[in-house]
Each structure stands twice: as C-alpha cells, then as structure tokens.
Amino acid sequence: MQAVRYARASSVDEAITMLREGGETARVLAGGTDVIVQARERRRHIDLFVDIKHIPELMSLTLDAGGGLTVGAATPLYRVYGDAEVTRRFSALAESTHVIGGTAIQGRASLGGNLANASPAADSIPAMIALGAVARVAGPAGPREVSVADFCTGPGRNVLQPGEFITSIHFPARPAGSGSAWERFIPRNEMDIAVVNAAVSLTLAGDVVTEARFSLGAVAPIPLSVPTAAEALVGRPLTDATIAAADEAAKAAATPISDMRGTIRQRKHLSAVLTERVIRRAVERARA
Amino acid sequence: MTTTEDGILIRTTINGDPTTFLASQRDSLLEALRERLNMTGSKEGCNNGNCGACSVLLDGRLVNSCLVLAAEVEGARVDTIEGMAEGEQLHPLQRAFLEEAALQCGICTPGFLVASRALLAENPRPTEEEARFWLAGNLCRCTGYDKIIRAVLKAAGEMDGKR
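Protein sequence lines, in the order shown, are assigned to chains A and H.
The opening position of the first sequence corresponds to residue 1 in this note's numbering, with each subsequent residue numbered one higher.
The opening position of the second sequence corresponds to residue 1001 in this note's numbering, with each subsequent residue numbered one higher.
It is worth saying that the hints were derived from the structure and are not from the lab.
If you're wondering where the values come from, they're calculated on a predicted model, not measured in any experiment.
Beta carbons: idealized from backbone N, C-alpha and C, even for Gly.
Be careful, since some hints might not be right.
[Claimed, not checked] Per the computed footprint, the stretches of chain H lying under chain A, defined by three or more beta-carbons under 8 Å from a beta-carbon of chain A, are:
id: 1; stretch: 1020 to 1034
id: 2; stretch: 1052 to 1064
id: 3; stretch: 1069 to 1078
id: 4; stretch: 1082 to 1090
id: 5; stretch: 1134 to 1148
[To be verified] Derived pair list, reagent style SDA-like, types lysine to any residue, alpha-carbon separation capped at 25 Å:
id: 6; chain 1: A; residue 1: Lys268; chain 2: A; residue 2: Ala288
id: 7; chain 1: H; residue 1: Lys1147; chain 2: H; residue 2: Arg1077
id: 8; chain 1: H; residue 1: Lys1147; chain 2: A; residue 2: Arg188
id: 9; chain 1: A; residue 1: Lys251; chain 2: A; residue 2: Arg188
id: 10; chain 1: H; residue 1: Lys1147; chain 2: A; residue 2: Glu190
id: 11; chain 1: H; residue 1: Lys1147; chain 2: A; residue 2: Asn189
id: 12; chain 1: H; residue 1: Lys1147; chain 2: A; residue 2: Asp192
[Stated by the list, open to error] Pulled a few chain A residues facing chain H out of the computed Cβ check, cut under 8 Å:
id: 13; residue: Tyr6
id: 14; residue: Val37
id: 15; residue: Arg40
id: 16; residue: Asn117
id: 17; residue: Glu190
Go ahead and model the full structure; you've got the sequences and the hints to work with.
In structure tokens form, the structure reads like this:
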C-alpha cells in the first residue's frame, strides 16, 4: 500500500476537522472492505484514513418509538441482519446485508460504506431505495439529508462534497400491511457480485396495493429506482396481471450492459423474473 | 497509540497476552502479525478479502486481517490460529481436521480453523448448510470442501456433547 496515515476520530466534529486538514486525499475508514483494497491496489489515492468506528452514533442501530430505524453509517452488517426487528420489519435490508461478501466481510462492512462506494451492483442499495431510506451526511458546511435514491451519480461516484461523509441511514416507519423483499441472481451459491438484484417494499389495504417502491441493481450505471413498476401496481387489486405488468415495467426500465457477469438480454430477463419474485415474497410478508 | 520516528506503537491483546508492537501506519494487521510479531500462522492468500486465509477474531468477531489496519487494533483484542491449541493439546477442531483429512496443502487451514471456531462459538450445532454458508468466505482449492465440512460437524458434535 502507498504511504498512508491513520487517525481515530471520537466525534463527528473531530472527524470533520481531521478530514478538512487531510484535504482531498483523506477518506473516512469504516469497515475498510472496499477502501483498504482500493488504496492497496492504487485504484484510489488515499493519504489519510480517518477511522470513524469510535464515534458511538456511527456504530449504533436504533428503532425509535414511532417505528423508524436509524443505522449508524459504520455499524457492521452482522448487527443489521442479526437484529430480529430489522429482519421482521425491514426484511429487504436484512436479506441484502446477509449475503454481502462472507461472514468475515460482514463483521466489518457497513451500510455507509456500501452506499458511499456507489457500485452499480451494490447489494444493499436497492433494499435501501425500496425502503425509502435517507442518508444523513455531515461535513464542513453542516449536516444534510440525501435520499438514497438520489445518492449515487455514476459507477463509484456519489453526491458527497469534499470533506463530507455519511453519519447514518434512516428508514421511515413501516405502515401497517407492509412487506419488503430483496433478491439477487448469481451463478454461485455465495460470495459473488450480483448479475442483477431487485428489491420492493409495498403496502396492502385488503387486496389493493396502496404504496410500492421498486429498485433494481446492476442494470444501469447506478442502482435504479423503478417508479413505472410501482405505477403498475398502486391503486389496483393485486392480480397475476398487475404483477406481470410490474415485471414488464422493470424489464423496460433496465438499461444494462453486457459484461463478464451477464448479457443485456439475460439482465433484462432477470429484471422481470426477480421483480416478480420479490413482489410475491413481499406480499406474503405484508399479509402475515 | 503512540507515534514514534520508527512508526507507531500499538498496544493490544493477542491470544490473551497484552502485546505492544511497532508498526508502520500503512501495515495491515496481517502484515503486522506475520512480519512484526513473527506470527506466521495467518496466511496471505488474495490480500483483498476474498479467500479467508488470513481470518482472525477482532474483539471476538471474525474478520479478514488483510482488511484491517494494524493501527485499528489499538486497545482491541485479537485472537489468531496461534492461540487455538493449548500447549500440545490440539483444539477439537484441529483434531477433527486431521482425523477427517480436511486439508491437503494446508494454506487455507488456519483460516478455516479460526472461522470454524467462530461459527461454533455462535452456533454450537450448525446444520451442514449453516456451516457451508458461514464458511463461504474461506476458499480451499484442494479438498472440495466436503472433508472440511465433515470435520467441522464432527468437532461440533464432540464439543457440544461435552457441555
């Protein structure tokens, strides 16, 4: 690895100061499962790592009285899917975080890191988008909130300005009758990058879908929101025909490339298949 | 953590022993273990978090030591393969790996043992599927995994029977 310095921040303000003094080659260090590799392989020039894991609020996981969930940006993934309430109420998030890397990666990797890394195939981002999550950001110009759906701007690029970092991800409370699900296609059983991944969160009143939010990963330069799939379901009774219409909308929204992991045709097809699967599983959960 | 001319002085606990060592700020925990502390049981396979040969426990949690900076373990507890046997007495997992011939070249073995110990600490009687899922981040190019899984399940049975 290139020459690099390490500093440990004990508060958000201290981290902001350290990042400002470190300049543009300073980066926050959460689980390090992406940035340490990027520094070692010289894919990113990093002179200073500011360790944010000793800031208590960045390592927290809190369900508030109203049912909202706030996950510290550096909280390791095993604590996210290991929480029974997260699994029950925010199922798509638990499903995605449980298969990012292997057990040792999940002991370190975080939601903040997966989001900031902004991979088009990131597994947790479609789950966060479907669940309507908001990233809370700190920086020299003060705190701000960015919808996860608007966070990524291209492969490896995001809206963060110099000196800014994510402090937490907030998930709004789940209305009664809600369910969510996430799924990916990979040719292996585990430890692989998604060919396509998909997530949905929906709310049912009787048989009518009152709310739905879809997301697809690995089919565009950024994890996609798919409002057209939601429009195919919302306000209508759930039937095989409306589900098929949502699948077709997802397929139409996908603009994938062909690469070593899959072809355009396969990824378009998978967009529809996975969308159908997550709808059916989310509906089961909403009715449970 | 103290910064000196020669690097940084890191105070930690390794396999239960309070340990102070000098490292460069760029060292990974794996590099510090192998090159500064001469603890060469943890292996470098891929050096990017795919293979699990460098598995250690950090504050009780399974991690890849190639993806941890040495400076991060200041004040933390590290457990490595070197702390698994008690003197000449092998850990039940180590014995089961020998009895089931769960290794051939042996490079992946320390990582599998550390990861398997972490599994059994959390889930003393894993199913075959649970063991395979937990160990998916440890790669072995010799055994085809069946013998490793057999050894882990055998050790789990022995250890759980003695509770």
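Verification of the hints:
no.: 1; hint: 1020 to 1034; result: holds (count 3)
no.: 2; hint: 1052 to 1064; result: holds (count 7)
no.: 3; hint: 1069 to 1078; result: holds (count 4)
no.: 4; hint: 1082 to 1090; result: violated (count 0)
no.: 5; hint: 1134 to 1148; result: holds (count 5)
no.: 6; hint: Lys268/A / Ala288/A; result: violated (31 Å)
no.: 7; hint: Lys1147/H / Arg1077/H; result: violated (31 Å)
no.: 8; hint: Lys1147/H / Arg188/A; result: holds (20 Å)
no.: 9; hint: Lys251/A / Arg188/A; result: holds (23 Å)
no.: 10; hint: Lys1147/H / Glu190/A; result: holds (19 Å)
no.: 11; hint: Lys1147/H / Asn189/A; result: holds (19 Å)
no.: 12; hint: Lys1147/H / Asp192/A; result: holds (23 Å)
no.: 13; hint: Tyr6; result: holds (4 Å)
no.: 14; hint: Val37; result: holds (5 Å)
no.: 15; hint: Arg40; result: holds (7 Å)
no.: 16; hint: Asn117; result: violated (13 Å)
no.: 17; hint: Glu190; result: holds (4 Å)
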